[in-house]
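Engineer: Sequence:
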Amino acid sequence: MRTKIVIALLALALGTASSAAGLDPPGQLSPVSTPSQKARDAATHAAQAAQTAATKAADAAKAAAEQSKVNAGKISKALAEGLRRAAQKAAEAARRFEEKASESSQLALDASKDATDRALEEGRKATRATEEALRRTEEAARTIAQASQDEAEKAAEAARDALQAAAEATRKAAQAARDAAARTAEAARASYSSRAPRK
Numbered sequence: 000m001r002t003k004i005v006i007a008l009l010a011l012a013l014g015t016a017s018s019a020a021g022l023d024p025p026g027q028l029s030p031v032s033t034p035s036q037k038a039r040d041a042a043t044h045a046a047q048a049a050q051t052a053a054t055k056a057a058d059a060a061k062a063a064a065e066q067s068k069v070n071a072g073k074i075s076k077a078l079a080e081g082l083r084r085a086a087q088k089a090a091e092a093a094r095r096f097e098e099k100a101s102e103s104s105q106l107a108l109d110a111s112k113d114a115t116d117r118a119l120e121e122g123r124k125a126t127r128a129t130e131e132a133l134r135r136t137e138e139a140a141r142t143i144a145q146a147s148q149d150e151a152e153k154a155a156e157a158a159r160d161a162l163q164a165a166a167e168a169t170r171k172a173a174q175a176a177r178d179a180a181a182r183t184a185e186a187a188r189a190s191y192s193s194r195a196p197r198k
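For the sequence shown, counting from 1, position 19 maps to 18 in numbering that gives the first Met the number 0; every step adds exactly one.
Please note: incorrect hints may appear among the correct ones.
Said to hold, decoys possible - Derived lysine-lysine pairs resembling DSSO-like cross-links, with alpha carbons at most 27 Å apart:
id, residue 1, residue 2
1, K88, K73
2, K153, K68
3, K88, K153
4, K73, K153
5, K37, K112
6, K112, K68
7, K37, K76
8, K37, K153
9, K153, K76
10, K153, K112
11, K55, K124
12, K68, K124
13, K112, K124
14, K88, K76
15, K76, K171
16, K112, K76
17, K55, K68
18, K37, K73
19, K68, K37
20, K61, K73
21, K88, K124
22, K88, K171
23, K76, K61
24, K61, K88
25, K37, K124
26, K68, K171
27, K55, K88
It should be emphasised that the hints constitute simulated quantities derived from the structure, not laboratory data.
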């Protein structure tokens with residue numbers, strides 16, 4: 000009887016010591032490592048943020064391009080200034096997307112690195128296109144105030160063409176960002192599945 004009591008006390012003492020030391024009981028696997036989870040979460044969040052920024056940039060550029068088409072053939076300082084502001088909004092949105100795409104590329108998982116790099120490259124193209132559109136609309140606004148009707152119409156047409164190009168560039172950037180976000184989410188799920196303990 001005394002032997003059984005001693006054995007029971009020893010078992011209890013060993014179990015308590017294991018718990019205090021933070022050791023897992025036999026037969027149980029330790030959880031997935033925190034650093035890996037943090038990396039997956041950071042990559043996923045960054046890709047989603049880039050996608051959101053890309054959508055906003057595409058919407059802004061599309062709105063500016065549509066505004067230029069609606070006002071085609073109309074020459075006025077007010078219309079030119081309104082178009083310049085729309086182009087400026089698109090350029091600022093494109094720059095924000097490029098920043099987010101750069102962050103996403105830096106935090107990307109190995110399996111989604113190519114996709115995030117493509118999104119970043121498309122973001123750079125979108126930034127260049129929207130900045131060119133802004134330059135053209137600024138030039139058109141100055142021309143309307145200072146030049147002849149014919150020169151003003153030519154400047155306005157150049158601005159419209161640049162805005163259409165910017166809308167197309169940001170559309171492609173938004174698609175690349177969506178693809179990158181999807182690839183990142185897929186890579187995160189695959190990484191988690193490969194590391195999860197098997198039952």
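Engineer: Work down the list of hints and note, for each, if the structure agrees.
Structural biologist: Here's how the hints hold up against the structure:
Distance restraint check for K88 and K73: the Cα-Cα separation of roughly 22 Å lies within the 27 Å cut-off, and the hinted pair is therefore satisfied. At most 27 Å may separate the alpha-carbon atoms for a hinted pair to count; K153 and K68 meet this at roughly 14 Å. Only pairs whose Cα atoms come within 27 Å are accepted, and K88 paired with K153 is accepted, the gap being roughly 23 Å. For the hint linking K73 to K153, the alpha-carbon distance of about 12 Å falls within 27 Å, and the restraint holds.
About 17 Å separates the Cα atoms of K37 and K112, which keeps this hinted pair within 27 Å; it holds. Of the supplied pair hints, the one linking K112 and K68 is violated, its CA atoms being roughly 38 Å apart against a limit of 27 Å. The suggested pairing of K37 with K76 is violated, with an alpha-carbon distance near 52 Å, which exceeds 27 Å. A distance of roughly 54 Å separates the Cα atoms of K37 and K153; the hinted pair therefore is violated under the 27 Å criterion.
The hinted pair formed by K153 and K76 meets the criterion: a straight-line CA distance of about 15 Å does not exceed 27 Å. For the hint pairing K153 with K112, the CA-to-CA distance comes to about 43 Å; that exceeds 27 Å, so the pair is violated. In summary, the hint linking K55 to K124 is supported, as the alpha carbons are separated by about 16 Å, within the 27 Å threshold. Among the hinted pairs, K68 with K124 is consistent with the structure: their alpha-carbon atoms are about 23 Å apart, no more than 27 Å.
As the CA atoms of K112 and K124 are separated by approximately 19 Å, the hinted pair is consistent with the 27 Å bound. About 18 Å separates the Cα atoms of K88 and K76, which keeps this hinted pair within 27 Å; it holds. For the hint linking K76 to K171, the alpha-carbon distance of about 32 Å lies beyond 27 Å, and the restraint is violated. Distance check on the hinted pair: K112 and K76 sit about 46 Å apart at the alpha-carbon level, beyond 27 Å; violated.
Using a Cα cut-off of 27 Å, the hinted pair K55 and K68 holds, with the two alpha carbons roughly 20 Å apart. For the hint pairing K37 with K73, the CA-to-CA distance comes to about 54 Å; that exceeds 27 Å, so the pair is violated. Restraint check: the Cα-Cα separation between K68 and K37 comes to about 47 Å, which exceeds 27 Å; the hinted pair is violated. The suggested pairing of K61 with K73 holds, with an alpha-carbon distance near 19 Å, which does not exceed 27 Å.
Distance hint between K88 and K124 is fulfilled; the C-alpha atoms sit about 16 Å from each other, no more than 27 Å. A distance of roughly 18 Å separates the Cα atoms of K88 and K171; the hinted pair therefore holds under the 27 Å criterion. Among the hinted pairs, K76 with K61 is consistent with the structure: their alpha-carbon atoms are about 22 Å apart, no more than 27 Å. A hinted pair counts as satisfied when its Cα atoms are at most 27 Å apart, and K61 with K88 qualifies at roughly 11 Å.
The hinted pair formed by K37 and K124 fails the criterion: a straight-line CA distance of about 31 Å is larger than 27 Å. A hinted pair counts as satisfied when its Cα atoms are at most 27 Å apart, and K68 with K171 qualifies at roughly 20 Å. A threshold of 27 Å between alpha carbons decides the hint, and for K55 with K88 the separation of about 10 Å falls inside it, so the pair holds.
Of the numbered hints stated above, those contradicted by the structure are hints 6, 7, 8, 10, 15, 16, 18, 19 and 25, listed in ascending order.
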